[in-house]
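Assemble the complex: chain A is given as a structure, and chain B must be docked to it using the hints.
Protein chains: 2
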Amino acid sequence: MNLDKFFSAKSIAIVGVSPEPAKVGHIIFSNFIDAKYGGSVYPVNPHIDKILGRKSYPSVLDIPEKVELAIIAVPAEASLKVVEQCGKKGIKDIVMVTAGFREVGNYELDRKLEKLLKKYRIRCVGPNCLGCFDAHTGLDTLFLPRSRLQRPGKGGIAFICQSGAVGSATMDLAAKEGYGFSKFVSYGNAMNVDETDILEYFGKDPQTRVICMYIEGMRDGKKFLRTASKISEKKPVIAIKGGVTSEGGRAILSHTGSLAGSAEVYFGAFRQAGVTKADTLQELFNYARIFDKSICACGPRIQVITNGGGYGILSTDSIIKSGLVMAKPSAMTLKELRRRHPKVVTSNPIDLLGDASTQMYRDAIELCLNDRNIDAIIVITLYQTPRLGTDVVGSIIELNKLSKKPIITVSTGGEFTRILKMEMEKNGIPSYDYPDEAVNSMKQLVEYCRGKGICK
Amino acid sequence: MNLDKFFSAKSIAIVGVSPEPAKVGHIIFSNFIDAKYGGSVYPVNPHIDKILGRKSYPSVLDIPEKVELAIIAVPAEASLKVVEQCGKKGIKDIVMVTAGFREVGNYELDRKLEKLLKKYRIRCVGPNCLGCFDAHTGLDTLFLPRSRLQRPGKGGIAFICQSGAVGSATMDLAAKEGYGFSKFVSYGNAMNVDETDILEYFGKDPQTRVICMYIEGMRDGKKFLRTASKISEKKPVIAIKGGVTSEGGRAILSHTGSLAGSAEVYFGAFRQAGVTKADTLQELFNYARIFDKSICACGPRIQVITNGGGYGILSTDSIIKSGLVMAKPSAMTLKELRRRHPKVVTSNPIDLLGDASTQMYRDAIELCLNDRNIDAIIVITLYQTPRLGTDVVGSIIELNKLSKKPIITVSTGGEFTRILKMEMEKNGIPSYDYPDEAVNSMKQLVEYCRGKGICK
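Protein chains in written order, with our numbering: chain A, 194 to 649; chain B, 194 to 649.
The following block holds chain A by itself, in its conformation from the complex (with noise of 0.2 Å):
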């Protein structure tokens, strides 16, 4: 399915732009003004002339241009007519903000809305959606105002989101940390867009690295599993399904209308796709973070390199736990390491202890770069101790730039770590905060690269 003109329409019309500032149609338009996007965005509203200094229409009828792409935010029962109308100006491509269909219970309007779409061969996002962002064309249907959701700078990861809560909240956090998008989608009711076509449009986009999706139900089970199956072969695909218990699919019912199903077939169909299962927005995100900036791990030997011995210790735990593997370093690696500095314990973990500096990290990196029995690295970097030079930052990353394999971070901290790890992340080297988030990150980029014929 084309989905180019979600993404990129040339003109745009917003139906529904209300005077009132709290609105949704409002806050869509100046989201559009604000953003300079580089369209023509026109506001329809039949009560007003002016809006933000622009002509209003009374409907899309009344533009004179051809239009792309319809917003539409008006009230439920008035959107019928809308989408009417836009059927009629010849628009293909219409995102139905308005909620108060299958969700509620109204079957009746929800049917009447299908017959309209399929009569003006129209394909919709939604209803009950956030709708569309796009970091790199500035398209943004969101209804959340900019001053209280940041939007994302241009990036690598996409979202796919039946909830327009969880995508758009985990996209403002992420935006905070530094992390770029390319594209979003919250999708709602799935009308006659649903998560696979979204799926199969991010999977052709040159610009999306890795797509994340948050799934409540699904319609065509087997449509998913032939197009996942496909896309996960070139880039990653992580989801996390919503409604996993009894309880949380009985209230699936009342926010999206789906059908929950049962976990166990969507976990299956995961597995058989290639799909990296996310049971937390937080390992969501994690992940994400690994795929969007790290090269692929050619097997599971990870070294763990390290400042503190309590972190080395518990990041060991985890990547026995997880299933990964502690790597074995070579003599040669460990002797060079001694020779050059005595006091370092050198074994798997490398401890460079509370006095480390910038030239034993470089060393010691370095050294298992070059190692053939290690297949990608953790590193421990601990910024409050005196001794560390925050150059060990830059070092890490451009040893990280000739890398043939993954570095990941952990450092754990308040306001002067954090600006170090940012520092980190905007170079391309995720900077976890706890051991065991990295260590499962790296879990799952070990997984997925497994087979991919992409080592030697």
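Simulated from the structure, these hints should not be mistaken for lab results.
Note that the structure is a prediction, hence the values are computed from the model and not measured.
Among these hints, one or two may not hold up.
Note: identical chains are not told apart, hence a pair may lie in one copy or across any two.
Stated by the list, open to error - As a list, the in silico DSBU-like pairs of lysine-lysine whose alpha-carbon atoms are at most 30 Å apart:
{"no.": "1", "residue 1": "Lys536", "residue 2": "Lys274"}
{"no.": "2", "residue 1": "Lys282", "residue 2": "Lys594"}
{"no.": "3", "residue 1": "Lys216", "residue 2": "Lys536"}
{"no.": "4", "residue 1": "Lys528", "residue 2": "Lys216"}
{"no.": "5", "residue 1": "Lys428", "residue 2": "Lys248"}
{"no.": "6", "residue 1": "Lys645", "residue 2": "Lys427"}
{"no.": "7", "residue 1": "Lys427", "residue 2": "Lys416"}
{"no.": "8", "residue 1": "Lys415", "residue 2": "Lys514"}
{"no.": "9", "residue 1": "Lys514", "residue 2": "Lys470"}
{"no.": "10", "residue 1": "Lys470", "residue 2": "Lys619"}
{"no.": "11", "residue 1": "Lys470", "residue 2": "Lys203"}
{"no.": "12", "residue 1": "Lys536", "residue 2": "Lys305"}
{"no.": "13", "residue 1": "Lys536", "residue 2": "Lys308"}
{"no.": "14", "residue 1": "Lys243", "residue 2": "Lys229"}
{"no.": "15", "residue 1": "Lys645", "residue 2": "Lys619"}
{"no.": "16", "residue 1": "Lys305", "residue 2": "Lys216"}
{"no.": "17", "residue 1": "Lys203", "residue 2": "Lys312"}
{"no.": "18", "residue 1": "Lys427", "residue 2": "Lys248"}
{"no.": "19", "residue 1": "Lys203", "residue 2": "Lys229"}
{"no.": "20", "residue 1": "Lys521", "residue 2": "Lys597"}
Coordinates of chain B only, in the frame set by chain A:
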């Protein structure tokens, strides 16, 4: 064991204060100066006359006053002589920051130190440790500069930590998140003051509400079991065990020289002693947050109130998976809520929908607080929605103050959200990032409160 002097000594000697600012002794001394510590602080270094404008003493024996606590930060070889002098001076409490004992295989030095401590009846925190921090008195032996490791404010969380890095980095993070501490000890090799001695002392400490522990090894399990059982009746004890795998256990030997022991034995002891087990550092901190701030939950029946449907569903899944129970609010509660706000989804979760207002939250929470079918409430507030006033924070704080049930919150987001979360935290309500963090923390609270006879 009376450990008063480790946290509020009136006269302190710091032995090994180098003029070089990055050296351990220097940092410790300047931390006391910066904190304007309320007692006398004497730097000791025979090679200099003055340091930071203060007279330096050749040895502790030259200090004119009685010394209550010595902090020793000289190299291992020189440390025994210093301890001998401390003994002669009549100092009964020392913090031995110095490393280079058992943990590097130097068992002989270990034995000599032990003998000396016995001879002079000296209590020793360390060696190979960061030592002590008291947020209330300002006593602070941590050799981590304040510019790099933020000290937390006064509060109720205590941390007993065998590894210096684990505790101090977590404390730094906690300080950033607005959490206050009572006391902190990194006790390293646990020569003659061990985790149980400190636990017992913290058990009696009126400023300490919750005790966190990071344990690598233990010499006297029975003593721990006996003490922890007693303390956990009065205040929650949360413990994380490092080295729960055999690989992790091996790493411990070169860290604090402890024997890791069988994880199952530890976990069994935790269970038996009423100690809350954390599997990760994040769990440890998350559990401390709810124990620090919340009143007891009198049962496992949880009500979820949300303005994001997907968050409600994920919370429900998490509650069921954790073994907690979804509360069944009374018909009266739901009827009254429906009467006031007809569009709201009234069951559990209560979904106030994307246009939730502060009044809707107030009404929903108030009704649930008065509902005898509900033991605790998880309130999800996604602040990104345009209709939700920021006064919702104040309203929840107000309701929580009068409440006899624990209320905790969940909010995910960027900068706008972060500020409101901090406001919530500052006023006694934990505000987690993700639903499962809140649910799993609530689970620990419910477990801890069970059978304590606090509820009728």
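Enumerated hints in conflict with the structure, sorted upward = Of the numbered hints given earlier, those the structure breaks are 2, 5, 11, 18, listed in rising order.
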